[in-house]
Amino acid sequence: MSDLQSMDTLVSLAKRRGYVFQSSEIYGGTGSVWDYGPLGVELRRNVMDAWWSAMVHQRDDVEGLDSGILMHPRVWEASGHVEGFTDPLVECKHCKMRFRQDQLGASACGQKPSKAPGETDSCDLGEPRLFNLMFETFMGPVKDAAATVYLRPETAQGSYVNFLNVQTSARQKIPFGVAQMGKAFRNEITPGNFIFRTREFEQMEMQYFVEPGTDDEWFEYWRAQRLEWHRSLGIRGEKLRLTPHGPNELAHYAKTAEDIEYEFPFGWKEFEGIHNRTDFDLGRHQEYSGKKLEYVDSASGKRFVPYVIETAVGVGRTMLVAMVDAYREEEVEGDTRVVLGLHPRLAPIKVAVFPLVKKDGMPEIAEALHKELRAAGIPSFYDTSGAIGRRYRRQDEAGTPWCVTVDGQSVEDGSVTVRDRDTMDQSRVAASAVRAWVQERLGGVA
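According to the numbering used here, the sequence shown is numbered sequentially starting from 26.
Just so you know, the hints here were simulated from the structure itself, not pulled from any lab data. In this text, all values refer to a predicted model and were calculated from it rather than measured experimentally. Be careful, since some hints might not be right.
The list that follows gives simulated cross-link-like pairs (lysine-lysine, BS3-like), each with its CA atoms no further than 27 angstroms apart [stated by the list, open to error]:
1. 294 with 264
2. 316 with 198
3. 198 with 168
4. 317 with 327
5. 198 with 327
6. 208 with 168
Distance ranges between label pairs, derived from CB positions [what the hints assert, rightly or not]:
7. 360 with 51: 31 to 37 angstroms
8. 158 with 316: 43 to 49 angstroms
9. 164 with 272: 35 to 41 angstroms
10. 212 with 313: 21 to 27 angstroms
All C-beta atoms, glycine included, are put in the ideal place defined by N, C-alpha and C.
Taking the hints into account, I'd like the entire structure generated from these sequences.
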């Protein structure tokens with residue numbers, strides 16, 4: 026068995042099997058924006074559903090929220106994004122390419138796949154200048170400074186400005202959290218590595234409000250919880266690690282921060298952050314809005330501005346971790362078998378149903394089973410095209426955990442062959458029991 030060696034291999038598979046397409050591809054593509062195809066949108070939804078279930082549905086102390094993408098401009102002044110959400114940008118006088126100053130190697134031009142005529146191996150870089158990563162737009166009919174708004178670069182601020190709304194309406198007591206998923210936008214200077222760093226992305230963020238003095242304890246709690254969640258989705262433990270931020274790496278709002286990193290083909294990279302944001306956010310919004318954002322303990326009368334423990338993870342990055350971790354190549358009878366061994370909870374298609382041949386009553390049995398599975402909310406794929414071995418291989422690449430084949434024996438006794446993607450073992454199961462068999466292995470949930 027061999028792991029993924031090159032991102033190009035995964036990009037090719039993702040397009041071939043309908044996971045991810047380049048946005049506006051027929052026009053040459055849009056820089057670092059991606060479209061999710063039939064299987065990609067299902068994987069994306071499954072990742073989000075798994076997160077929401079663990080974070081909200083299975084807990085009494087976390088409430089859901091969906092705040093607007095467009096917020097009052099003062100929100101981003103208070104948060105520090107207008108003034109400080111910047112990267113140092115430098116431009117090469119030869120190739121005219123722009124680079125983040127903190128990511129420059131010995132030769133920036135050398136990062137290009139090929140050089141144009143007259144281009145040199147060494148860049149002549151101009152002076153660095155700060156570049157704000159927020160997308161700016163205008164609200165209303167008049168394009169002037171008074172109408173300037175921003176596409177949000179994170180969902181977290183919506184949780185802070187709604188802290189009291191959620192706390193009072195849900196009658197929550199400290200500690201409690203606010204979770205939300207949604208689109209965010211960052212005008213990245215150097216996006217790349219497929220869907221790892223993009224300009225438009227989906228976040229899953231949870232802000233956990235705690236009493237000052239208990240924040241270190243809760244930071245350790247959520248640090249462990251989040252690492253375990255990734256393992257529960259089948260991500261290999263040896264490919265995960267926690268990396269603390271050093272004193273010079275901490276964001277201006279953070280007392281403590283750690284990244285959950287995964288070992289990609291392009292190196293160890295962060296895909297989730299856990300941060301102790303202290304009372305910075307609520308304190309700033311209280312200052313800028315003039316509204317008190319204190320929590321009042323009804324029993325003791327104690328008042329305080331809560332500290333926040335944040336967990337923030339990208340949907341696209343989590344998808345990428347799942348796909349990279351699941352990819353493997355195996356030698357089977359002299360041929361290479363490509364497998365996307367996704368955890369069944371994440372797999373876009375749970376079951377593929379095949380009639381062995383298109384006659385003798387087999388298609389009718391297969392179609393009936395396929396419809397039964399879909400009616401039960403189990404994503405099923407029906408395929409009659411090609412030799413059975415070829416159909417198996419297509420589903421292996423797509424990540425489908427189980428294939429069900431209707432054959433001659435099915436017509437005689439009502440049983441079908443169920444093949445496991447990972448072991449390739451086959452067993453006979455009554456066609457009438459397949460739905461329950463699959464649901465049991467999915468933990469009772471499709």
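Output the numbers, in ascending order, of every earlier hint that fails for this structure. Violated: hints 3, 8.
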